[in-house]
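**Q** Here is how the chains run, residue by residue.
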Amino acid sequence: MEIVLFLFIAPVLAAVIQPAIRTIRSRSIAAVGSAIVISGGVIALFFLDIKESPAFFTAHSNAVNMAVLAGEILLSVYVVITGLKHKRYLAVLLMLAQIAIILGLELFYGDRLSAAHNLFLDRFSIIMAFIIGIIGSLIMVYACGYMKDFHTQHPEVRDRSSFFFIVCYLFLASMFVLVFANNLVWLHFCWELTTLASFLLIGYADTDEAVNNAFTALTMNLLGGLAFAGGIAYLCVAHGIVELDRLLAMNKYSVVLPVVLLSLAGITKSAQLPFSGWLLGAMVAPTPSSALLHSSTMVKAGVYLLLRLSPLLAHTLTGSMVTLVGGASFLVASLIAVSQRNAKWVLAYSTVANLGLIVACAGIGSAGTLWAGIFLILFHAVAKSLLFQSVGTVEHRLHSRDIEDMDNLINRMPRVTAMMVVGISGMFLAPFGMLISKWAALKAFIDIDSMLGLVLIVLLSYGSAATLFFWTKWMGKIISMKNKKIESGNMDAAVSRQELSSESIHAVLTVVLCLAFPLISQLLVEPYVSRISGIDYGIARGNYVIMGIMVSMLIALPVIIIRLQRHAQFVMSDGYTSGHTVSSDRHYIGSLGIDRKISMKNIYMKEYFGEKKIFAAGTAAGILFIIAMVAGALI
Amino acid sequence: MSFIAKSPWILHYDGSSCNGCDIETLACLTPVYDIERFGVINTGNPKHADILIVTGSVNHQNRDVLLNIYNQMPDPKAVIAVGICAITGGIFAECYNVLGGVDKVLPVDIYVPGCAARPEAIIDGIVKAIGILEMKHQNMRIKSKWRLRWPWKSELKFSY
Amino acid sequence: MKIILGVILYIVAAPLVGGILAGIDRVLSAKLQSRVGPPLLQPFYDVLKLFEKRTMIVNRFQNAYAWCHVIFMAMTGAFFFEGGDILLAVFALTLAGIFLILGAYSSNSPYSYLGAERELVLMLAYEPMVILTMVGMYMVAQSFSFMEIAASQRPIILYLPGVFLGFLYILPMKLRKSPFDISSSHHAHQELVRGLTSDFSGSMLALIEIAHWYETTLLLGLVYLFFSFNPVVGVCAAFGTYFLGILVDNSYARLKWELAFTSAWGIALVLGGGNLAILYFIAGG
Numbered sequence: 000m001e002i003v004l005f006l007f008i009a010p011v012l013a014a015v016i017q018p019a020i021r022t023i024r025s026r027s028i029a030a031v032g033s034a035i036v037i038s039g040g041v042i043a044l045f046f047l048d049i050k051e052s053p054a055f056f057t058a059h060s061n062a063v064n065m066a067v068l069a070g071e072i073l074l075s076v077y078v079v080i081t082g083l084k085h086k087r088y089l090a091v092l093l094m095l096a097q098i099a100i101i102l103g104l105e106l107f108y109g110d111r112l113s114a115a116h117n118l119f120l121d122r123f124s125i126i127m128a129f130i131i132g133i134i135g136s137l138i139m140v141y142a143c144g145y146m147k148d149f150h151t152q153h154p155e156v157r158d159r160s161s162f163f164f165i166v167c168y169l170f171l172a173s174m175f176v177l178v179f180a181n182n183l184v185w186l187h188f189c190w191e192l193t194t195l196a197s198f199l200l201i202g203y204a205d206t207d208e209a210v211n212n213a214f215t216a217l218t219m220n221l222l223g224g225l226a227f228a229g230g231i232a233y234l235c236v237a238h239g240i241v242e243l244d245r246l247l248a249m250n251k252y253s254v255v256l257p258v259v260l261l262s263l264a265g266i267t268k269s270a271q272l273p274f275s276g277w278l279l280g281a282m283v284a285p286t287p288s289s290a291l292l293h294s295s296t297m298v299k300a301g302v303y304l305l306l307r308l309s310p311l312l313a314h315t316l317t318g319s320m321v322t323l324v325g326g327a328s329f330l331v332a333s334l335i336a337v338s339q340r341n342a343k344w345v346l347a348y349s350t351v352a353n354l355g356l357i358v359a360c361a362g363i364g365s366a367g368t369l370w371a372g373i374f375l376i377l378f379h380a381v382a383k384s385l386l387f388q389s390v391g392t393v394e395h396r397l398h399s400r401d402i403e404d405m406d407n408l409i410n411r412m413p414r415v416t417a418m419m420v421v422g423i424s425g426m427f428l429a430p431f432g433m434l435i436s437k438w439a440a441l442k443a444f445i446d447i448d449s450m451l452g453l454v455l456i457v458l459l460s461y462g463s464a465a466t467l468f469f470w471t472k473w474m475g476k477i478i479s480m481k482n483k484k485i486e487s488g489n490m491d492a493a494v495s496r497q498e499l500s501s502e503s504i505h506a507v508l509t510v511v512l513c514l515a516f517p518l519i520s521q522l523l524v525e526p527y528v529s530r531i532s533g534i535d536y537g538i539a540r541g542n543y544v545i546m547g548i549m550v551s552m553l554i555a556l557p558v559i560i561i562r563l564q565r566h567a568q569f570v571m572s573d574g575y576t577s578g579h580t581v582s583s584d585r586h587y588i589g590s591l592g593i594d595r596k597i598s599m600k601n602i603y604m605k606e607y608f609g610e611k612k613i614f615a616a617g618t619a620a621g622i623l624f625i626i627a628m629v630a631g632a633l634i
Numbered sequence: 000m001s002f003i004a005k006s007p008w009i010l011h012y013d014g015s016s017c018n019g020c021d022i023e024t025l026a027c028l029t030p031v032y033d034i035e036r037f038g039v040i041n042t043g044n045p046k047h048a049d050i051l052i053v054t055g056s057v058n059h060q061n062r063d064v065l066l067n068i069y070n071q072m073p074d075p076k077a078v079i080a081v082g083i084c085a086i087t088g089g090i091f092a093e094c095y096n097v098l099g100g101v102d103k104v105l106p107v108d109i110y111v112p113g114c115a116a117r118p119e120a121i122i123d124g125i126v127k128a129i130g131i132l133e134m135k136h137q138n139m140r141i142k143s144k145w146r147l148r149w150p151w152k153s154e155l156k157f158s159y
Numbered sequence: 000m001k002i003i004l005g006v007i008l009y010i011v012a013a014p015l016v017g018g019i020l021a022g023i024d025r026v027l028s029a030k031l032q033s034r035v036g037p038p039l040l041q042p043f044y045d046v047l048k049l050f051e052k053r054t055m056i057v058n059r060f061q062n063a064y065a066w067c068h069v070i071f072m073a074m075t076g077a078f079f080f081e082g083g084d085i086l087l088a089v090f091a092l093t094l095a096g097i098f099l100i101l102g103a104y105s106s107n108s109p110y111s112y113l114g115a116e117r118e119l120v121l122m123l124a125y126e127p128m129v130i131l132t133m134v135g136m137y138m139v140a141q142s143f144s145f146m147e148i149a150a151s152q153r154p155i156i157l158y159l160p161g162v163f164l165g166f167l168y169i170l171p172m173k174l175r176k177s178p179f180d181i182s183s184s185h186h187a188h189q190e191l192v193r194g195l196t197s198d199f200s201g202s203m204l205a206l207i208e209i210a211h212w213y214e215t216t217l218l219l220g221l222v223y224l225f226f227s228f229n230p231v232v233g234v235c236a237a238f239g240t241y242f243l244g245i246l247v248d249n250s251y252a253r254l255k256w257e258l259a260f261t262s263a264w265g266i267a268l269v270l271g272g273g274n275l276a277i278l279y280f281i282a283g284g
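Chains as they are written, first to last, in numbering that gives the first Met the number 0: chain D, 0 to 634; chain A, 0 to 159; chain S, 0 to 284.
None of these hints come from the bench; they were simulated from the model. Warning: the hint list may mix true and false statements.
To be verified - No farther apart than 27 Å at their CA atoms in a straight line, the calculated lysine-lysine pairs in the DSSO-like style are these:
| # | chain 1 | residue 1 | chain 2 | residue 2 |
| --- | --- | --- | --- | --- |
| 1 | D | K611 | S | K255 |
| 2 | S | K255 | D | K600 |
| 3 | D | K605 | S | K255 |
| 4 | A | K135 | A | K103 |
The model shown is predicted, which means the values in this text are computed figures rather than measured ones.
Let's have the full structure, built from the sequences with the hints guiding it.
**A** Given below as structure tokens:
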């Protein structure tokens, strides 16, 4: 309980001290300090509270409830004023409807709103706290270095760094409460806080595009927030409950409508298909906020809620529709990612895809899918955060986000490239986390033994093929290597210490998590899954051995081979260019003896995976599934 | 006997030939002559090849290309000049752009005369080149003591 | 102990089987073209010769990629035959393939680069069918273990005829044979020289060749699984498939990558997905 409060207060304090900070140096000291404190809190939470989980805390206080209410009102006033200023009436309308519901509840059913247990803690929340605390605060360390470069390179953007840091830390604080909240009203308040925070972060640059995209994000998430509020209102009025644990204990057929509404909120937040637009638009934000939105906060809140609800979704129409939305998002986003050459867009689509997989897992709601879903959240957070950070670093050095410009990056920025390679491998290669989770998801889909499972298997097999394709071609681009003798200039030196250290810790985490994965599974995930599903769930131990062998080989082999061949002298030569070679820098002698450059571009298959066509189809499918879900609940 | 004798892979380079010798070289691969009996493969990639077959004379334009290709063949390797043009420049020897035979640029091991050289002669040349390859391989073995070049015990750096 | 012996046996025997199969391929191809052809053991001579040659490299990382390729390829097979999870093994196989592609990318030369791109397109094309095949096997045999599937008395082919045909279709892609030899073919005199392996030479090329033998054995092992109810039929079917592959290799021109990709995805969906859907219906009804 104390640690949970501590985890909330620490980021708030970090936010509060920001206005007093003047120099970059003191800011990074503050960021490192808060990263250490928050990570310490998370680790303490793991060691001290794991035994007693699940634990419920009363934490009853009228003052807090009033503060939440006041916060909701303040938040809505702010959104309404900003909305009116920018003439975004839809957002204003959604906000007003939402606050009307909350106020109405408070006025007419105020007595029912006091929860028996406001906070709780279980193994799933510990994993989420790990992601928010460690990944989130590391991103803030990274941001210290990044924002300095950002403002040097974009003089047109007004420097509001301390505002940026305040919003980010408040974001982390609200995420912490979100994963520990048992009281749905509190959960909803934090939900709206994250919406607002993402709105502020996306609009940071204050250009027309940024403001526009920020409002898209706001509108879509307010729609989800409205659905959330509606769900709470229904639950409160019809069943008199405002607690998550009591909702989960209900018969799933008596709470169909509120579950549909809450799932809708989860789907908007996790940027599933008809609502994917906001996450893609969020790419205009500075990279640390993208990393934050994609890995540890915001979208993870959506899938967190859906995974929590997944026992209520299992074997229902709602669940099937949620699954289909997720599956469709996975396939469509993976296919579109093939056609993207902007690194951040590839990352964004891959996020939508992976979230889709998690959503699909949540919708199925069996023990296997729950296991896979939680691991997907964990591994995705680390690898994606690493990738966003390294792309941000590279962007500041190359002044481009285009993957085609990252040719021979290994010569120019060896350290950053190495970390990027770890991140990319973490996203799709065999012994790394994401693939293991995908493998588990595939097995779980087979085991549910229904037509829905088959549909998902087909979606997954095609989507994974596309995933494999776009990651490998990116990795190939950055590792293609010029001869040492060609001087290319090492740009690693210009990368700030904060960025490099955060990225290195992420890279180490990616690998360590894979090695520690059986441990995490046994200590945290398997007990949680067994408790929720009521069956003793576990992965066959033999597979752990195989994975362990593979991970250790993958780490050891290149080192051993390069060491063994240290003294071996090979004949060095250039790549073969039909005898016209000048250098391995892809130059050759053309006719009349002119030195010409060969440029190699990746295949993007735009004619098959064109963004517009597929995205439209996917959106249509998503809308259809959601209509079916709502209609099913109403009937 | 070393394995290089059992699997000599060739690379065919057309200098400025009239295509007569090229046709005859390719004829070696056809069912009539079937040079694959000796394990010969026409690789088309210097990095995989053991024997470089050059047809036609060398001119100022392709001199560097020929050198480049030769340098990209790993040792041991042999060069065969096929046809009179590749040997001396032939009837093109006096042309303003022609340097002369292949040996103006590369160390040629086997000369296969003829205009055009007959497939039988070319096959004979390849078989002779195999002997030379083996000899070169022996010399390499004496230098590096290893019969097989184990990938982790590779040999001294070779300078062109 | 038995497992360790099995793994060692596999690691030693698989390349021998694969090499002899490659030799048979070359002899048969020669006969089909009414030539005499090389000796049966020619592939072994080739590889041993490559070890005798000096190794020419573009950069040192290339070697690490080639080594990882062959080691993971051998390991995949070991997983398979010691009874590991076939789905996991397929992912390991993919990892091995990725190493070769990365090695080609790493060399930074246009031909290798193009070969790597095309190999990736092929991977994109065959991956769905491979996963569907594994899923189908699991549905019939109720196990992901290679040994248990092999020991299963059910004639898997009768349950999965569509999946088998789909698997046959993608087999030439994996074996890099015509009509899908678009990333690298046995004979390098084509527009992309040798594609993937253009810039590997000497011992590194030999390693890649050995990895290819492992892969051949492994894939034929998968074909065997379809007929595992009777070992004799199974072995015959595996070899029959290989000979069919040789016949097709010799009689078809290569396809463009667009056609390879679209046809493979279509076939995986119709034959693979359709077959599984029917299985689900039968199981459900």
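**Q** Against the structure, test the hints numbered earlier, and report the numbers of the ones violated in rising order.
**A** Violated hints: none; all satisfied.
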